[in-house]
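Just so you know, the protein sequences line up as chains A and B, in that order. The opening position of the first sequence corresponds to residue 1 in this note's numbering, with each subsequent residue numbered one higher. The opening position of the second sequence corresponds to residue 345 in this note's numbering, with each subsequent residue numbered one higher.
Simulated coverage check for chain B against chain A, where a stretch passes if three residues somewhere in it have a Cβ under 8 Å from a Cβ of chain A:
no.	segment
1	576 to 590
2	613 to 621
3	643 to 652
4	660 to 673
Calculated from the structure, these hints are not laboratory results. Just so it is clear, CB atoms sit at the ideal spot from N, CA and C, and this is done for glycine as well.
Residue strings, one per chain:
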Amino acid sequence: MMKWCQSIMGVAAFVATLSIQIETSAETSREVAFISSDNKIDVTIGGVPFTSYVYGDELSKPFLVPVRSPKGTELTRRYPLTAIPGGSEDHLHHMGIFFAVDKVNGVNFWNNTDVAFQIKHIATDNVSNGDGSGSLATRSQWIDASKVALLEERRVMTFSAGEHEGEYAIDFSIDLTALVDQVVFEDIEEGMFAIRYTDWLREPDEGEGVRPGHPLPKESIAGTGRYFSSNGDETADGVWGKRARWVAIQGVREGEVVGVAILNHPASFNYPTYWHARDYGLFSANPLAQGDFQRQDDFEKNDPVYLNHTLKKGERSHFRFKVILFDGTRTQNQIEKRFRNFAK
Amino acid sequence: MKKSRKYILGTAAVVALFSILIGCSSSSSRDVAFVASGNRIDVKIGGDIVTTYVFGDERSKPSFVPVRSASGIELTRRYPLTELEGGSDDEPHHVGIYFAADQVNGSKFWNNTSVSPQIKHVSTDSMKGGKGSGTLKTTAEWINESGQVLLIEKKSVTFIAGKNDSEYEIDFDVELIADEDVVHFEDIEEGVLAFRWSDYLREAEGGNYPQPGKPLPEESVKGTGMYFSSNGDERAENIWGKRARWVALQGVRNQKVVGAAMLNHPDSINYPTFWHVRAYGLMSGNPLGQGDFLRQNPYQKNPVLWLRKTLHENEKIHFRFKIIVFEGLKTQEQIESKFQEFVKSDK
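Make the full structure from the sequences, and use the hints.
Rendered as structure tokens:
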């Protein structure tokens, strides 16, 4: 726990440094660059910090944190890196953008802040800077409490800017390969491809949050966010536990609308994914928990169809998501167009 | 003479006014009635036969055929019941609206025109007409080539006269109950709730289909239909093999836009269903064919995720779809709002 705290403090210090850099650099180019240092890789766009990939022996899993909009607004929650007055302190295991799931051969890789079992970064396989787009390829292992590696995770993250004004995007292509005779994923809602967004984007208890064509709600750390999905559903209540091709949330921060969209690619496992999207700040896609979502839905005419997805040694599953970080209000049609381009 | 003529004209005006009033107010109060005779049950809305449920020992499965729009335009193919010049003569097992699947314990109940195997109507359990809606309840047995009953099918079909005179709805609630130790559904595209379109409504080539703000295309037995789905996809080739909450088609017949939308209810097995939708005239929702659809899609990054639905004796699965038969051009938003109403409706 001590080591984990130290590591977190390091990240917090880095966050502070980045904040200073943002104020001083001019946005002139779209060059995507990676700067590697001890247990983190900073991602800059046009020389300005966008996000950092952080990992290490002390972290339960790798994270991208913080994640910013093109204008530099932080879209991920600071806690537990930094506590802020009025901020949420629930779910310590939710940080930045992360990829994990409960339970894999009984191990809770998601609901975990410990390193007794761990999703451990093993290697950075490729780093490619580029104009408008750059990619980072990493390898991790999902290791159980007996130090047996159950899964190998190969991940390619492509960071892009400039495809659309006011939008940055990260395309995640992830393969999980079984390293042991049998790997069983239980159908559990706790997963899988997630962002823990800033408290300012939470869905408010009162008021409707940001809606295109309506006056902006007053900014608040209690939240002004509102989800919308490819099904035309709105709010966490409407989105949670259903399949959808994409889900987005937008709210007010620093006087302007900012938001996040997650698109699921048709090549991805059990597409279109189910969504574990909560009003308190967790926004997650989970294609593995089919049975757990069906068990909890309002429609009980059929028994849940459990997946209990199982991989034999050497078999793999492919997951693909695109995250769009945006400044300015987005409509259903705009995100739908982004999805169509992504699916091509 | 002059006086009496005036009187008659006055009466005519009153009658006309009355007709208009009736026309306006009758919408939700049109009677739904069932008339049974031999191996058929006519379904009447406002006195007109909109469809007929046909069954019998010599039929491979029951069908609703023909299916007519509210003003009487036939939407389903006549073949193989009647041949039509220039019409299609493929897949004689596609008749009207029907419910079937390949393969159940190896028997092809869908791709079948024989009576062995057979989906055999065994009883009409209830026929309840009424103002605005009426329900027909039937029991059928899915019998294999050896005469064994694999499944009991309990179907509750509710006809809803609709909020206006240009449309009506058919709500299908179907339960399949295993009557054998193990009943196994293979993942095969051939299934389950199907609508075989009139050749006139086959998918149009090019742009010869009804579009908002454009003149109606010229009617043709080659088809003026166009599919569209809840995903915002158009054309059979873009809808086929995907999951969607609903699919619709509209085309031109008798100088009118006519069509039907098929909505899948979230209560239904493996919702939202995959779609087996073909340009030549088949529109079918198939939640059981999952692996077969995934096997054929252009994305092959994952091994096929087979469903292989299996029921043990007395276990059941539930299917629920609504078919809306309409006249007049419909938009994506209009069908979507019908879908949202359907989800909220309880049964």
